[in-house]
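Given only the sequences and the hints, what does the whole structure look like? Please build it.
There are 2 protein chains.
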Amino acid sequence: MFHNLKMVSKVVFGRGCFSQLGDILQAQRSNNKATMVFLVDDVFEPGTLKDRLPMKDHDLLIWVNVDDEPTTGYVDQLTTQVKKIIVGKFGRRPDGVIGIGGGSTMDLAKAVSLMVNNEGSAAQYQGWDLINNPAVYHCAVPTLSGTGAEVSPTTMLTGPEKKLGIHSDYTVFDQIVLDPELIADAPNPQRFYTGMDCYIHCVESLEGTYLNTFSQACCEKSRDLCREVFLTDGPEANGKLMVASYCGGMSIGYSRAGVCHALSYGLSFVLGLHHGIGNSVVFDYLEDYYPKGVKEFREMMEHQGIELPRNLVADLGDEQMETMIDVALVMKPQWENTLVTRDRIRELYLKM
Amino acid sequence: MFHNLKMVSKVVFGRGCFSQLGDILQAQRSNNKATMVFLVDDVFEPGTLKDRLPMKDHDLLIWVNVDDEPTTGYVDQLTTQVKKIIVGKFGRRPDGVIGIGGGSTMDLAKAVSLMVNNEGSAAQYQGWDLINNPAVYHCAVPTLSGTGAEVSPTTMLTGPEKKLGIHSDYTVFDQIVLDPELIADAPNPQRFYTGMDCYIHCVESLEGTYLNTFSQACCEKSRDLCREVFLTDGPEANGKLMVASYCGGMSIGYSRAGVCHALSYGLSFVLGLHHGIGNSVVFDYLEDYYPKGVKEFREMMEHQGIELPRNLVADLGDEQMETMIDVALVMKPQWENTLVTRDRIRELYLKM
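Protein chains in written order, with the numbering used here: chain D, 28 to 379; chain L, 28 to 379.
Think of the hints as simulated: they come from the structure by calculation, not from any bench.
With a Cα cut of at most 30 Å, we get these calculated DSSO-like pairs of lysine-lysine: (1) Lys359(L) - Lys33(L); (2) Lys359(L) - Lys37(D); (3) Lys378(D) - Lys190(D); (4) Lys33(L) - Lys60(D).
This is the structure we're talking about:
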């Protein structure tokens, strides 16, 4: 059985296309009392972006904080807030949810668009195809590129019991607005780490055995674009990074990340590191597994003037170390092509 | 304004995935009296493919003939046939239309799926966004790759007055089933010419000025895959050709073919040449415009043992020649980057 990939329904790409968002949303507004919910990364609260949001009278703007990765509790809180205001005031569900930000913000928008149409807590739906009702219309406007969240059928959430996505065809966005100008101001090292989420995913997938020609083509193009973006000073770097992320995301259906992602999960779980930076920290120690990829990654770091955080693990107690190893080992498919022991994982972690 | 691209909703890719078609369609059948219409290229009538069609009691199989490119008259005839049988017998519209074949068959499936829900003749809807009602569910199973018809928002039709597509978001397929095994038996030179439809489109787009980073990435990957398929004897050639066609089709929203397509339209109009072979015949004489591309194209021909038909134009009368020049010149955007005269076009045609 091959996975039947659900695609994002509509994609607009181009420098400045964010200014079309108003027209795009207008087509989704059922009448002049229609309401849209804008979830926007609160790093933009002080800036001018909010003046460009195509909001109408009944719309709702919520600044979301993604200093920590999204939790089911935060999704529940946002959903309650939306229902209280919009359902309470207008007696109806919102017409749509728009997420403006990076991977975490987009994941929150996916989750809230699902949860306004599904009862209970987001935690009940962590897993595969547990969602009963389709989401309301949902749209993403990435301001950081590399996670692939704009195209993936998953919203990754940390719940009370587990870190696991809500995987569903209903999770996939109805619309994405890819405006390279919106990622132009993303600061390093965040921009670099998010890009590396994409690059490392592609390197791991291309070295793995779980890959078909469709995903191979997507991964190759994505990796090539990452090279152009992070190793050269050529034109259209922002557009290329957006397309790299799109292609990387498209590859996910028939590809699989490897060892780096498994180890990075351990770091995230115990140290709370964001996924992108966790991947970069780990990847730097994986030259035994990916000699060419790690060499190129280091060239990218040098070209971009990035210094990785070091000595993250030194102060950890034994118990935390064992937990970290447990979390890494749970990711069985990621270890598929390599013999691994707890000692080997400990040895790798101790370098970080 | 950037075009807001409507994507195919679901894509399944993999060797042998055609066997999943039954399950995929089952999810679209509203009840046990649901009816699906299979439009299948009649080249498969003698073979074993029909035994693999996941047909149910109330389904309808129509063998379609695409020796000539699709006409609005043929679409009307097929639509009447479908309505007479299915609406007549069951008092309801079909649940879906499945096109199995090359670009022309897929275009017929798109057009019939639209016309069962829209009144009048297909000729009334040739143009942009003239369709009023959404199509019924429609699905494509390509058995030839390169046209991009599986992903494009167009069904190209020759009408009583013009050759012009029905361009609409509603035209886009709900599902495509990309099984490389199904194109494995496509005979040369047809396979080659269809592949060149893709290759030449990409070369022309990449040399043109109307291109953004999204389409550039799609064109580059598509062209690279065509190179692998037609210049090397590497593995997975069928899968790569399918992905090349998919990527080429994805590029169409923000790219534009050039001189070759304009001249090829003239050949098609006057001589009835299919689009793929027309493109190849023309491209061989365009080294002034695309020196690298034409060189590579000739290497591909040699590697694949293809001989182009020659002396196609020698016997044409003056009037036909002038018509051919008229048709080529109508395609104004295609001549955008070059100074052109009727004499120059005549000179090129006379070589063919």
